[in-house]
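Peer 1: If you want the building blocks of each chain, they are given just below.
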Amino acid sequence: MYYKILSEWIKSDRIILNLSLALLFFISLVYFLWFGDGLFFAQENKSLFFFTGEYLCQFMAKPGGLLEYTGNFLMQGYYSNLFGSLLVSLIIVSFSAVFVKINKRFYIGRSFYILLTLIPACLLLLMHAQYEYYIHYSLGFLLTGFWFLFSISNQNKRLSYVFPALFPVFFYFTGSFAFIYIGMFITFLLVFERGIPGYFFIALLIMIAFIAFVVFREVLFLQPTGSLMFYPLPNDLSNLPTSFYLLSGYMIIFPLSLKISCSFISGSRSFILSPAMSATFVMTITVCLLIKLYDRDHADLMQLEKSVFNQNWDSIIEQHETSPSTNVAGQYYYNLALSERGQLCNRLFYGRQDFGIKSLSLTHFQEQIKRSVYFYYTIGLMNEAHHIAYESMVLSGYSPQNIKILIKTELLNGNYRSAERYLIMLKKTLHYRALAAIFEKMLYNPSMVLSHPEMGEKIKLLPRNDFFITQNDTENIDLMLMSNPDNKKVFEYKMAMLLLEKDYKAVVYQVKRMKDMKYTYIPRHIEEAIMVFINGNHELPYLGDFEISRETELRYKLYLAAFRMNKNKTRPEFDKLMKKNWGNTFWYYLEFK
Amino acid sequence: MKLTKIFGATEALFILIFIISGCKPDGYIDIQHLWREPVIEPDYSGVTIPVNIAPLNFIIKEDGVSFTIKARSSNSSDLKIKSKDGVVSFPVKSWKKLLKENQGQRIEIDILSEDNYGKVIEYDPVYMHVANEPIDPYLCYRLLYPGYESWKEMKIVQRSLENFHESSLFENQLLDDNCVNCHTFKQNDPGRFLLHVRGSKWGTYFVDDNEITRRTLRTEEMSANAVYPSWHPGGRYVVFSSNEVVQAFHMISGKKNEVYDQSSMLVIYDCNRNEISNIEETDTVKYMETFPCWSPCGNYLYYCRAKQIKKGFDYRNIKYDLVRKSFDQNLKVFGNAEIVFNAIEINRSVSFPRISPDGKYLVLTLHDYGTFSIWHKEADLYLLNLENGEIDLMDLNSAETESYHSWSSNGRWLVFSSKRGDGLTARPYFAYFGSPENIGKPFVLPQETPEFYKRFDKTFNIPEFVTGKIKIGPRDFARSSRKKSIKAVWSGSEK
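Read top to bottom, the protein sequences are chains C and W.
Just so you know, the first sequence maps onto residues 850 to 1442 in the working numbering.
Just so you know, the second sequence maps onto residues -2 to 492 in the working numbering.
In case anyone wonders, no lab produced these hints; they're calculated from the structure.
Keep in mind that a hint or two might mislead.
Short, incomplete list of chain C residues facing chain W, as computed with Cβ under 7 Å [to be verified]:
(1) Leu1069
(2) Pro1073
(3) Thr1074
(4) Gly1075
(5) Asn1232
(6) Tyr1239
(7) Arg1266
(8) Ile1308
(9) Asp1315
(10) Phe1316
Footprint (simulated), chain C over chain W, 3 or more residues, beta carbon under 8 Å [as the list claims (entries may be wrong)]:
(11) 32 to 45
(12) 159 to 170
(13) 190 to 197
(14) 250 to 261
Capping the alpha-carbon separation at 30 Å, the derived lysine-lysine pairs in BS3-like fashion look like this [said to hold, decoys possible]:
(15) Lys895(C) / Lys455(W)
(16) Lys1416(C) / Lys1442(C)
(17) Lys1276(C) / Lys79(W)
Remember, predicted model here, so these are calculated numbers, not experimental data.
All residues carry an ideal CB built from backbone N, CA and C; glycine is no exception.
Can you build the whole structure from these sequences, using the hints too?
Peer 2: Okay, here's the thing in structure tokens:
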């Protein structure tokens, strides 16, 4: 009777389990398809996978390297959102499947069957939703689970020693994840193999691990102790999500959980949790946490970064104007896109500007340094763009972003032999060979560079006289303008800088230079600054034969009228009313920002 | 009778085929001769090589689906290789035999290419001259990205010049990823050298017969670190320049980095007494002094000297002369500075003076201005005859940078950094030095995979010959870094 009930339970549990796994796969797939675009882009863009022996050798030189290598190989799939979502979802479900197998090995009670299986997979899903969590960590967990499963699956006493004895091989492949395995297996032995054979096994395992560690450190690999202990985890372990530590701890004490669960199979019946309830509970918590973890601003920023990488300038402008970014990098990308479209002084205030000149060029700190490269590239300071891209390559390895800038800047500077080396590298990748083919045509072919729509334009922006770059971009802009007075991009950046600093007088005094730059009209925001200047009863300097458009004059009259009409209202109300009709003008920025 | 005739005819046919194949190389019948040498990479055509050098593998940059390469000489049997992709890799053993049998002679390399239709092209042979004098068996250099400010991986390696074996001497990941630089040997001695480590494992690591001593040479009296060293041949003293270095970045195309000194002085370190002192300057003019180099006899210290820069200086006006001071080894006393080569007079600047082991010649780098010639495209090597003061541009230069250089222990080989490959990364090139009139065409350090330089994106920095294998390794330096550094004592004049 008891066994009949048990088998029915197992049967019904299996259905619930399969349904839960299918649901988990579905949740994961939908989440990453819907929200994973920016995340996949960010991770795929972090490094380039090269199909070369040298690239493989780099990873073979340290324990755990092959795990990262495999992860990087798979991460190429993130190029496609669909493939990335499928890949991550499959890994999550596979991880769960490993626990199903382990659970089966112990015939644990129905109370915990679902719970113990779903928790690790859900933790993995939560980790994958975070930007600093990489697929090779999941592979590490997956392999650890498999290795543990193999270690406990052998009924033959002698063969049961094989997997623990092969620890050095496992350590070489998985690096620091091998220590989770050690913890897991020791817990297993302590819980299930009590007695002298068990303790002997523990001592043996610790000895093998210790010898492996010493041999790796002193003989086989030129790696410091810290690297041998923690690689392939990041140098700064605080970058890992909390769920990483939770899962590691969970895996280590997992055999103990098994033991406790086993004890319930014949224990108190009152404590039975319904499998369906367990599954619902875990899934609900996971979904809630996924929603909580989702950072909309960051996702938007990643979307902007993707558009910058793909040079979809119009989409950046549209995104920021319809859904303004509150992030300095987001606003920086908007200004960059405006500059690339020649609209910086026409539309600057159509988008949100919260950071003054800080959103025109970014400070050279940590993550921002990689982003700052685009500013220099846009204004034609190719040496500085190259400098930043090169430094990024030295510190973090090749990425699609830095190699693209390196190739372009070397082609623009006529350093074809250096560009050729980068192109050789790029041709060894999966997704960027087509890009390499485009640039390859320009090698040793200056006329091809000149005739390229983007590169040809950039060549016109290059400095004509030498100067040293400084830490101050305001100064760099002036130096660049002196070096190439025809560079409209840098001129507009200068004007944007003055506008954002509300220095409208200085703006007015720069207008006369525009004639030589072949402007046919005064850009909108510059006209707005001139109107403020005139309104201040200042003597208007020579504007280089330019005239203010009637439309701007009329708008300014309307603005002043609205200003006068509403100025008695409370400040928030006043602000709101003015923003509605005049939020995209320099006048509003001057008065209310 | 009939059978005899058949045999006779067959025999005649074989003889005919034999004669034809004997007339044409490798049995090819339709051969077109191109009256030029094939393009090979690296360019090893016409080079002078030492008898003990590793195989000079190369790639044939000509069209063809199969290539036949035959290295031949009057003194030995032919060494024949077939290649489908144009990559030519000589077997080490056969190569060594070939060179040994042709010491002082020349080797001729015949190359034939065959296309898909069986058309064969024969080129003019490529020649290599095998010198009588061997090269030092090891080369030591630092590998790093030719970058700007940042570094991550950095290592110093020793490479056997007789084969392709390379092993690490120092790897910075074992020392907190710190920067390592200025490995300097006492007259090519693998057992006696020093190097600097910056950052958390700070110090100058002196190696003396497998013993590493970590020392702190900078004292309160010094305004900057000890940087460029030169060992006195006696082994007791090391002279360093102590430089305050500034880095700036050019914005014009064709230039990248500018590194210059704001101030620099020479200091002498006594290894026996752990004392460091300044080298007194009697001249009232204040100078910047750098790149010390002892003469092989130890009686002269050569170095580069420029007037101290002042506020508002133009970096393009910083120019260094080559000067020297006499040195009394017993009293540890220096004489007055005398100009050996007045570079300022010709509006140029000197760096890296290196004297041949026989003391007769000095090779220096000459460039337009400043002190950091590796970023100067115009930098070239010049040979100064120390006996008559004549200076000449060396034939081994290229349109790109030639910079750091050093002599082999027998004075017959020069190794120098050249960026002629891609204008960015420096590679070690070797040149035979018979006399000022007899300098061999240089060749790049041979690699097992000849495409190596096309892909390898790091630069070879400070190539130095070593007369044997260095026995210590990265772990020894890591262990030494955990020991306390011994601080040098200042024994010079007050600041």
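Peer 1: Against this structure, judge whether each hint is valid.
Peer 2: Hint check results:
Here the hint on Leu1069(C) is broken, as its CB sits about 12 Å from the closest CB of chain W, past 7 Å. With a least beta-carbon distance of about 5 Å to chain W, the hint placing Pro1073(C) at the interface is held under the 7 Å criterion. Annotation: Thr1074(C) was flagged as interfacial toward chain W, and the flag is violated, the nearest CB pair being 10 Å apart, outside 7 Å. At its closest, the beta carbon of Gly1075(C) sits 9 Å from a beta carbon of chain W; the interface hint therefore is violated under the 7 Å criterion.
Evaluation of the Asn1232(C) hint against chain W yields a held restraint, the C-beta minimum of about 5 Å falling below 7 Å. Because the beta carbon of Tyr1239(C) sits about 6 Å from the nearest beta carbon in chain W, less than 7 Å, this interface hint is met. Proximity of Arg1266(C) to chain W holds as hinted, the smallest CB-CB distance being about 4 Å (cut-off 7 Å). Contact between Ile1308(C) and chain W, as hinted, is not supported at the beta carbon level, the nearest pair being about 10 Å apart and thus beyond 7 Å.
With a cut of 7 Å, the hint placing Asp1315(C) at the interface with chain W holds, because the nearest CB-to-CB distance is about 4 Å. Interface restraint check: Phe1316(C) against chain W, minimum CB-CB distance 5 Å, threshold 7 Å, status holds. Counting residues of the segment 32 to 45 of chain W whose CB falls under 8 Å from any CB of chain C gives 0; the rule of at least 3 is not met. Check on the segment 159 to 170 of chain W: 3 of its residues sit with their Cβ under 8 Å from a Cβ of chain C, so the three-residue criterion for coverage holds.
Given as covered by chain C, the segment 190 to 197 of chain W fails the check, having 0 residues with a CB less than 8 Å from a CB of that chain where 3 are the minimum. Using a Cβ-Cβ cut-off of 8 Å, 5 residues of the segment 250 to 261 of chain W lie near chain C, which meets the minimum of three, so the contact claim holds. For the suggested pair Lys895(C) and Lys455(W), the alpha carbons sit about 21 Å apart, so the restraint of at most 30 Å is met. The hinted pair formed by Lys1416(C) and Lys1442(C) meets the criterion: a straight-line CA distance of about 16 Å does not exceed 30 Å.
About 28 Å separates the Cα atoms of Lys1276(C) and Lys79(W), which keeps this hinted pair within 30 Å; it holds.
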